[in-house]
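**Q** All chains should be modelled from the sequences, with the hints used to inform the complete structure.
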Amino acid sequence: MTAAAPSATQGATPGAIGPAPRGPSVLRRLMGRKLALFGFLAILICVGGAVFADWLAPFDPDEQFFDGLTIEGAPMPPGPVYWFGTDLLGRDLLSRLLYGAQTSLIIGLVANGAALFIGTLVGVTAGYFRGITGTVLMRFTDLMMAFPALLLAICLAAIFQPSLWIVALVIAFVNWVQTARVVYTQTSSLAERDFIAAEKTLGAGHGRILFRHILPHLLPTLIVWGTLGISTTVLLEATLSFLGVGVQPPTPSWGNIIFENQTWFQAAPWLVFIPGAAILLLALAFNLVGDALRDILDPTQQGRD
Amino acid sequence: MLAYILRRLVMSALILLGVSFITFVLLYVLPADPVRQIAGRSATPETVESIRRQLGLDQPFIVQYGRYLWNLLQGDLGRSYLQKTEVAVLISARLPATLLLMLAAIVCELVIGLTLGVIAALYRGRALDNVLMLSSFVTVSAPQFVVALLLLYVFAVQLGWFPIGGYGTFAHLVLPALTLGILGSGWYARIMRSSMLDVLRADFIRTARAKGLGRGRIILGHAVPNAILPVIAMIGIDIGIFMSGIVVVESVFGWPGIGQLAWQAIQRVDIPIIMGVTLVSAFAIVIGNLIADLISPLIDPRIKLR
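Just so you know, the sequences run in chain order A and B.
Anchor point for the first sequence: position 198 equals 198 in our numbering, and the numbering is continuous, going up by one each time.
Anchor point for the second sequence: position 208 equals 208 in our numbering, and the numbering is continuous, going up by one each time.
Treat the hints as calculated values from the structure; they're not laboratory data.
Glycine is no exception: its CB is placed at the ideal position from the N, C-alpha and C atoms.
This list has only true hints and no planted wrong ones.
With the C-beta cut set under 7 Å, the calculated list includes, among others, these residues of chain B facing chain A: (1) 141; (2) 149; (3) 281.
**A** Here it is as structure tokens:
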């Protein structure tokens with residue numbers, strides 16, 4: 001997030017929480033794991049597809065092709081012209097998927113970034129300053145945990161007319177809770193440590209302690225939760241769009257492609273399962289990378305037991 | 001123990017109070033004005049004003065909330081303005097179907113998840129373990145509606161083994177329960193695997209082995225029963241994930257439970273119903289967590305009460 005860069009000079013601190021190891025070694029260790037490498041490549045492909053959609057997409061995603069429907073008016077199955085087939089309006093599915101990747105990734109990054117920011121703010125405030133503010137914040141977090149995330153998101157999306165940014169905000173609003181809990185636990189144990197007390201004795205202000213010491217120590221956790229959170233976010237967006245309260249057509253999103261084409265599900269299953277596979281792949285990729293990062297960055301969870 | 005139970009009960013009650021406050025704020029304070037919904041677009045300002053007074057919406061916020069809370073305590077979840085019915089009536093009519101699905105789904109989850117978890121633990125570090133753990137990742141990353149549609153397509157449309165949707169016979173129950181069961185099993189498999197690994201390292205397993213007990217009896221008679229205990233307490237926590245899943249699964253399979261009710265309400269933007277389902281779900285989650293907290297010290301006396 002907005003945290004200062006991790007102070008690599010400090011070396012490994014003993015105990016549960018250490019500053020982030022230097023970048024290149026983390027990346028190299030990540031690449032050493034087959035599953036994480038697979039996840040990383042899948043993410044690269046999705047990001048590449050989204051960023052270069054203008055060049056990669058064979059057709060305009062919104063153009064309804066006359067030859068894109070069979071004589072009976074049914075969608076075309078995958079073939080040489082339309083690689084992934086066409087949808088119920090005769091639009092090219094591959095092009096819609098590529099532009100849909102933009103939607104999924106924008107929401108993934110914005111919603112998750114916002115959730116991470118809120119979670120960190122709440123967790124650090126409650127864990128570092130404690131007192132009444134801390135108690136109130138953490139009780140509110142407990143309260144939010146009692147809501148089923150999807151239903152709360154549906155309520156919010158139904159109340160505000162859903163658009164790309166509203167959907168992102170709604171997802172952020174239901175997803176910050178876990179981050180807040182984890183950050184709170186870590187911050188409150190960090191705040192007890194001797195080196196923080198020493199800093200205080202030396203006259204350091206709250207700002208210096210928070211930005212120079214607490215946040216750098218939280219960075220590994222934030223990286224792990226940030227990565228895992230994108231997976232949750234992508235799934236939540238897809239589900240909301242599938243239920244019709246997410247990103248609204250004609251803007252393509254992987255969830256609303258399935259929502260739009262659901263009536264053709266039996267005759268044209270590719271319209272459901274190709275976007276479905278894309279959602280699964282992206283969510284799986286972020287989960288695999290996040291899990292590997294947790295193993296690498298968190299010394300307390302060495303090995304996979 | 002009694003003090004602990006009391007404290008947990010008070011905490012749960014406070015959380016429910018907070019939940020009711022948030023749903024109230026969402027229902028009455030946010031843009032979707034119920035008065036406009038009842039009165040319709042062409043209503044005169046006078047009509048709007050009189051409906052507002054009738055509903056008590058002209059009164060101060062705190063008075064309105066007090067009345068809302070009082071109604072909730074009597075089991076009144078408000079009215080659906082579009083269906084002109086009590087939300088509580090709609091929900092209680094559909095609750096049995098959801099509870100049946102929930103029961104079947106939990107059985108599926110446990111059977112699949114625990115079996116895979118035990119196998120993974122026994123084959124720890126080997127290829128089978130890696131495959132099972134990867135598949136548990138896949139179930140965690142799979143969108144519920146895609147799994148539901150996949151099972152529907154393969155087993156109902158293509159193979160014709162099960163009906164495409166609906167309610168009534170055992171065959172109708174299989175696919176929705178299996179969808180939720182598969183999706184939840186990955187989580188249980190992971191917990192069961194690590195719980196098994198802990199137990200297999202314990203002294204009493206070594207003692208059993210030293211006594212000359214067979215491998216099958218050690219695993220089934222000693223390791224599994226001990227490893228299952230901490231997992232059972234997780235069921236209460238799992239209810240939250242389950243409550244989110246039913247909206248999708250019930251709408252795909254046409255299962256007439258509260259999830260489908262919520263889904264139908266989404267299509268008509270019938271917010272009181274969506275809110276009612278959310279409130280009932282939150283209630284179920286709080287109760288589930290409470291039961292989990294109360295059961296775990298009974299199952300494992302080593303757990304300290306906090």
